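Student: What follows is each chain in one-letter form.
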Amino acid sequence: MSLDKEKIKHVAKLARISVDEAKVDSLTKDLNSIFKFIEQLNELNTDKVEPLTSILNQSLRSRKDEISDGKIREKILKNSPKKNEEFFVVPKVVE
Amino acid sequence: MSNITNQSLSEILESIKSKKISSLELTQAYIKNIENAKKLNAFVTTTFDQALENAKKFDNKPNNEQLLSGVPLAVKDLFCTENVKTTAGSNILNNFVPSYESTVTKNLWNNGAFLLGKLNCDEFAMGSSNETSFFGNVINPIGDHLVPGGSSGGSSSALAADLTPATIGTDTGGSIRQPASFTGTVGLKPTYGLCSRWGIVAFASSLDQAGPMTKTVNDCSIMLEAMSGFDEKDSTSINKKKETYSKNLKDNIKGLKIGIPKEYRVDNMPKEIDQLWEKGKKILKNLGAKLIDISLPHTKYALPTYYIVAPAEASSNLARYDGVRYGYRSQKGKDLIEMYENTRSEGFGDEVKRRILIGTYVLSSGYYDAYYLKAQKVRQLIKKDFDDSFTKVDAILTPSTPSSAFKIGEKTNDPVSMYLNDIFTVPVNLAGLPALSLPAGLDKQGYPLGLQLIGKALDEQKILNIGYAFEKNCGYKNEIKKWWS
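Chains as they are written, first to last, in the working numbering: chain A, 377 to 471; chain B, 201 to 685.
No wet-lab data here; the hints were simulated from the structure.
Quick caveat: nothing in here was measured; it's all calculated off a predicted structure.
Incorrect hints may have been included.
Said to hold, decoys possible - For the chain A half of the interface with chain B, some residues (derived, Cβ under 8 angstroms), not all of them:
| hint | residue |
| --- | --- |
| 1 | Arg449 |
| 2 | Lys458 |
| 3 | Asn460 |
As the list claims (entries may be wrong) - Computed list of lysine-lysine pairs in DSS-like fashion (alpha-carbon distance at most 27 angstroms, straight line):
| hint | chain 1 | residue 1 | chain 2 | residue 2 |
| --- | --- | --- | --- | --- |
| 4 | B | Lys485 | B | Lys592 |
| 5 | B | Lys500 | A | Lys412 |
| 6 | A | Lys405 | B | Lys500 |
| 7 | A | Lys447 | B | Lys306 |
| 8 | A | Lys424 | B | Lys577 |
| 9 | B | Lys532 | A | Lys383 |
| 10 | A | Lys412 | B | Lys584 |
| 11 | A | Lys454 | B | Lys481 |
| 12 | B | Lys500 | A | Lys424 |
| 13 | B | Lys481 | B | Lys662 |
| 14 | B | Lys662 | A | Lys447 |
| 15 | A | Lys458 | B | Lys532 |
| 16 | B | Lys490 | B | Lys457 |
| 17 | B | Lys534 | A | Lys458 |
| 18 | B | Lys534 | A | Lys447 |
| 19 | B | Lys534 | A | Lys459 |
| 20 | A | Lys440 | B | Lys577 |
| 21 | A | Lys451 | B | Lys285 |
| 22 | A | Lys424 | B | Lys592 |
| 23 | A | Lys440 | B | Lys217 |
| 24 | B | Lys532 | A | Lys459 |
| 25 | A | Lys424 | B | Lys656 |
| 26 | B | Lys442 | B | Lys457 |
| 27 | B | Lys433 | A | Lys451 |
All C-beta atoms, glycine included, are put in the ideal place defined by N, C-alpha and C.
Only chain A is shown next, with the shape it has when bound in the complex (with noise of 0.2 angstroms):
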């Protein structure tokens, strides 16, 4: 199969990066080659074969459902790119 200008279009407003039109021709090339590439596993009938989930073969722990952390708003606005006092913000939502 072959990605088209505008699958790869929608495939960029699905993870939110706006893309160049100056630069969609070269980025339909390289996915495509990159896709030709991956697609070699068609080769291989997988049909008996169960999805390996887990390297380590052991489930998850679990923990005791408690509060260990907190107190650190300050810490995390920290790093914020915009913020007013205790709160992130972000551009106009709602009008």
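The hints should help you fit chain B onto chain A, whose structure is shown.
Tutor: Relative to the frame of chain A, chain B by itself:
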């Protein structure tokens, strides 16, 4: 002690312990080297004041009981360091100052080491040449026109150029072993789960693993011992007793069975790599190991599998970079969605965007079964190849890379040819196994080449022992002319 910085970590530790050199003198020597090596572009951030302060503190009250007493270390800029900028080689994190320390670096500091600086790497560890970094490419000390490998390219360059006595990197598909091979140094990717992933900027969570990069195998065992261990904060951390790799290091490998997989070769592979592999086999055989031919039939599918699994995981991990909570934010865009789109477009480089798009596509509605599920099934087959082989052998010997260090710019226009560089390293990540890259010889241009030892899960001690015996009998010595200073 003018030559202290070209010694191994274990020799340096001995000198500190016996007071031949103070921690301050040692730190000053490295700072001088780093200041003279700006051309290599190995560092993103230096923390000299903090390092000098820590060195003085150590000298005033030396504690020589620790594994890394009084030693300054530079680390890959993918490890979050408290109050020290952590960029992951990306513009999107160019202003990010963590308020916490990664578990692995904290383990190093708890063992007596302190931070010297943060090392350049491919953006979000996505690359094999350190050319995707926002902070520019790193130069290989072997030659001014050569890449140092990637993604831990700042780490390999700094280590080979005597800018740090040892270092740590991360390895998702070869990012420790390939740069080690390109610079004539030792690099270990541990078993998945042996070193905590907590506080490491995430790329592909089921593959990422931190590990040591060092000048000798003994150094590697010291660093691994210091950095590894169970961590409650990493849900895939393995809960087991801590091992003392350096104390248990032995060079007796008599009777061990070494597997030689017939699939580890590619078209147009330079003859020297085959010759080097032969040399490696001969050395191990002379030491009393038994060579056994094995087959890992799904090897050729490892790289295509990787290029589904890794981008898929990356696309979800990197969704967090939204310009709201931390990192870069674009000033363009009329609403929230446009702000996201512009932030991510301006903040990420081309390779990272490419991989996010691949990942988003393979996980998108209607394609999941054809790509991601298929890849996880093939991953099972790849793991089974190794499981089957390890019923017959103790370790597997292969070349580390299909070529020596290539030229800067040589592969940047063809992503697939760049990806092919990781063909011998990627299968190990997919199967979660440990693997050690050892410097083994030079090609006809005089560039280093490495051999890789793959072990069973949690069998680090055995591959370190084989590597230790190999190193003693290989006669490889890194002789780098310091053309940059």
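Student: Output the indices of the hints that this structure fails to meet, ascending.
Tutor: 1, 3, 11, 14, 18, 20 and 23
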